[in-house]
Amino acid sequence: MTSQEILDTLKSLCGDAVLDAKLDVLQPWISVEPLKLAVVAKALREDPRLDFDFVMCMSGMDHNNGTLGAVYHLYSMTQKHKIVIKAIVKNEDARVASTAAIWGGAEWHEREAYDMFGIVFEGHPDLRRILLPDDYPGHPLRKDFVVPEYYNGMKVPY
Amino acid sequence: MITEPRIIPTPYVTKPGAIRTSTGKTIRTDEMIINMGPQHPSTHGVLRLEIVVDGEIIVDVIPHIGYLHRCFEKHAEHMTNYQQVIPYCDRMDYVASMNNDWGFALAVERMLKIEVPPRVEYLRVIMAELQRIASHLVAVGTFGIDMGAFTPFLWTFRDREKILDLFEMTCGARLLYNYIWIGGLSHDVPPGFVEKAKEFCSYFGPKLKEFNDVLTYNEIFVRRTANVGVLPPDVAVNFACSGPMLRGSGVNFDLRRDDPYGVYDKFEWEVQVGKGEFGKVGDVWDRFIVKVREMEQSVKIIEQAVAALPEGNVQAAIPKRIRPDAGSEAYVRTESPRGELGFYVVSDGSASPFRVKARGPAFVNLSVLPEISRGCMIADLVAIVGSADIVLGEVDR
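One line per chain: the protein sequences are A and B, in this order.
Last residue of the first sequence: number 158 in my numbering, and the count goes up by one each step with no gaps.
Last residue of the second sequence: number 397 in my numbering, and the count goes up by one each step with no gaps.
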């Protein structure tokens, strides 16, 4: 399927969740309503024409304009096509519906995005920090993050 | 040594609570939490596994990672130049640095729409395949140690040394090479490299047979690994497993063929998949044999690439300051020895990346561990972790 066909199919399945799309770039992307991401993911996974069964990558993003993003790079092992799904949220209300129940491969990536960006994935089975210690202050990959001078009473050397 | 494949039955009951005394009475058992790692020889680095056990049977495994987190993504954003990210990529999967460099260089090249000279493509394939053999040798050798076989470990490290010698003569480094750069290579291979590479190929084939005789088809080893930690293909795909982990489950998928990059399409080679020769498809032995057979295929690729190596430049004409267009982004995946190594690079038009996300195959492959180790014995967990072939440097990045 071409990305235009993927977009059309997705619109026919859950049209109200699709917000925006850009298909004339290196890797075409579709932006969707963050809190309806789980519905979109279910459609992407279960529709036999789309059949996106493989999460290549899931990344958090800070766009440095007050918005954060959850970016899913999806691939279909059967149909051999790719698409990028983006869910863009405001910094102060960073809530995205989790897709971990649909794609097991997204579970740890979502934990990482929560850890690094503070994006809360609603419905995630185990949303804990994954790489950083549990008591770490803040989310370090946010663009407004300032490295703390002290961590647990220890001076941070630089 | 067993010569003919045969099915070995599952040796134990994998039902929690079903423990019987010798008089036939069922006894009640309690669950208990055991901590394995972070400093444990079988976790291949600093991985901590919190294991809930019922007697000797695993009820749940909770992996705790992050002990080796070195902020790769944060560092990458703070470089003043795209090229400066390459040495950090080296240090992610320190057993397969060449493949990591290639992954990142390829992502930036796709963003800049650069074509690299043919000699670079061939040398990259040679380096990546040599590195794949070196990495798989570490994987199968240390896996042998996990299973109690010490000799094959020494043999694999002896052969890996030959590859490291080749890398050393190429770029002076033995572990972290910084050799594959954006737009080409740091420099050409020295005179005599091609002959040495050919020599290695003819040396390595018979050694692999020796290795198979002593470990792969060894009855003790097969009984220890067959039917253990079975990963069904649908679960493997759902958890986005890749590399030998995915192919061990019988899924015929290799990025070198299915999402082509480099010049792999010019060579004759086959994708190896697990067939369940001694047990169920997707067991620990299948994941192991896929790695062994991939080494044979890599030798085949290297032989062809070395024979066809074209002359020419080893650096494409690229701008001194690399600045991809603002807003451009690319997710590029390559087949590292452990599986799909992806780099998601976003540019804001400046000379440093706006965002780099590294999708490490070991990170994703490890996330399926709880799924496949429930119901196993504790000793089998060692086999499963070993067969997943994780490098904690890449899991934690």
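What the hints contain is simulated information worked out from the structure, not anything from laboratory work.
Certain hints may be false.
[Claimed, not checked] In the DSS-like style, the derived pairs of lysine-lysine whose C-alpha atoms are separated by at most 25 Å in a straight line are:
1) A:K155 / A:K86
2) B:K113 / B:K266
3) B:K275 / B:K207
4) B:K162 / B:K300
5) A:K86 / B:K113
6) B:K196 / B:K207
7) B:K113 / B:K196
8) B:K74 / A:K143
9) B:K300 / A:K86
10) A:K90 / B:K74
11) A:K80 / B:K196
12) B:K209 / A:K80
13) A:K22 / A:K90
14) A:K80 / B:K113
15) A:K143 / A:K82
16) B:K320 / B:K74
17) A:K155 / A:K90
18) B:K113 / B:K209
19) B:K113 / A:K22
20) A:K82 / B:K207
21) A:K155 / B:K280
22) B:K275 / B:K300
[Said to hold, decoys possible] Stretch-level coverage of chain A by chain B, calculated; a stretch enters the list once three of its residues show a Cβ under 8 Å from a Cβ in chain B:
23) 8–19
24) 30–44
25) 52–59
26) 98–108
Where a beta carbon is used, it is the ideal one built from N, C-alpha and C, also for glycine.
Going down the list of hints, with the structure as the test:
A hinted pair counts as satisfied when its Cα atoms are at most 25 Å apart, and K155 (chain A) with K86 (chain A) does not qualify at roughly 38 Å. Among the hinted pairs, K113 (chain B) with K266 (chain B) is consistent with the structure: their alpha-carbon atoms are about 21 Å apart, no more than 25 Å. Taking the CA atoms of K275 (chain B) and K207 (chain B), the gap is about 24 Å. The hint holds against a cut of 25 Å. Distance check on the hinted pair: K162 (chain B) and K300 (chain B) sit about 17 Å apart at the alpha-carbon level, within 25 Å; holds.
Restraint check: the Cα-Cα separation between K86 (chain A) and K113 (chain B) comes to about 24 Å, which is no more than 25 Å; the hinted pair holds. Taken as a hint, the K196 (chain B) and K207 (chain B) pair is honoured in the structure, with Cα atoms around 17 Å apart against an allowance of 25 Å. Proposed proximity of K113 (chain B) and K196 (chain B) is contradicted: the alpha carbons are some 34 Å apart, above 25 Å. Proximity of K74 (chain B) to K143 (chain A) is assessed by CA-CA distance (about 10 Å); at most 25 Å being required, the pair is judged to hold.
For the given pair, K300 (chain B) sits about 41 Å from K86 (chain A) by alpha-carbon distance, which is inconsistent with the 25 Å threshold. Of the supplied pair hints, the one linking K90 (chain A) and K74 (chain B) holds, its CA atoms being roughly 21 Å apart against a limit of 25 Å. Restraint check for K80 (chain A) and K196 (chain B): the C-alpha separation of about 39 Å exceeds 25 Å, so the hint is violated. This hinted pair does not check out: K209 (chain B) and K80 (chain A) have alpha carbons roughly 36 Å apart, beyond 25 Å.
As the CA atoms of K22 (chain A) and K90 (chain A) are separated by approximately 20 Å, the hinted pair is consistent with the 25 Å bound. Simply put, K80 (chain A) and K113 (chain B) have alpha-carbon atoms about 23 Å apart, close enough for the 25 Å limit, and the pair holds. Straight-line distance between C-alpha atoms of K143 (chain A) and K82 (chain A) comes to about 29 Å, which puts the hinted pair past the 25 Å bound. For the hint linking K320 (chain B) to K74 (chain B), the alpha-carbon distance of about 23 Å falls within 25 Å, and the restraint holds.
This hinted pair does not check out: K155 (chain A) and K90 (chain A) have alpha carbons roughly 32 Å apart, beyond 25 Å. Simply put, K113 (chain B) and K209 (chain B) have alpha-carbon atoms about 43 Å apart, too far for the 25 Å limit, and the pair is violated. For the proposed pair K113 (chain B) and K22 (chain A), the alpha carbon gap of about 19 Å is at most 25 Å, so the pair holds. With a C-alpha separation of about 41 Å, the suggested pair K82 (chain A) and K207 (chain B) falls outside the 25 Å cut-off, and the hint is violated.
For the suggested pair K155 (chain A) and K280 (chain B), the alpha carbons sit about 53 Å apart, so the restraint of at most 25 Å is broken. For the proposed pair K275 (chain B) and K300 (chain B), the alpha carbon gap of about 22 Å is at most 25 Å, so the pair holds. With 0 residues bearing a CB less than 8 Å from a CB of chain B, the segment 8–19 of chain A misses the requirement of three and the coverage assertion fails. Coverage of the segment 30–44 of chain A by chain B is violated. Counting CB-CB distances below 8 Å, 0 residues qualify, and the rule asks for three or more.
Taking a C-beta to C-beta cut-off of 8 Å, the segment 52–59 of chain A contributes 6 residues in contact with chain B, enough for the three needed, and the coverage statement holds. With 6 residues having a beta carbon nearer than 8 Å to a beta carbon of chain B, the segment 98–108 of chain A meets the requirement of three or more and the stated coverage holds.
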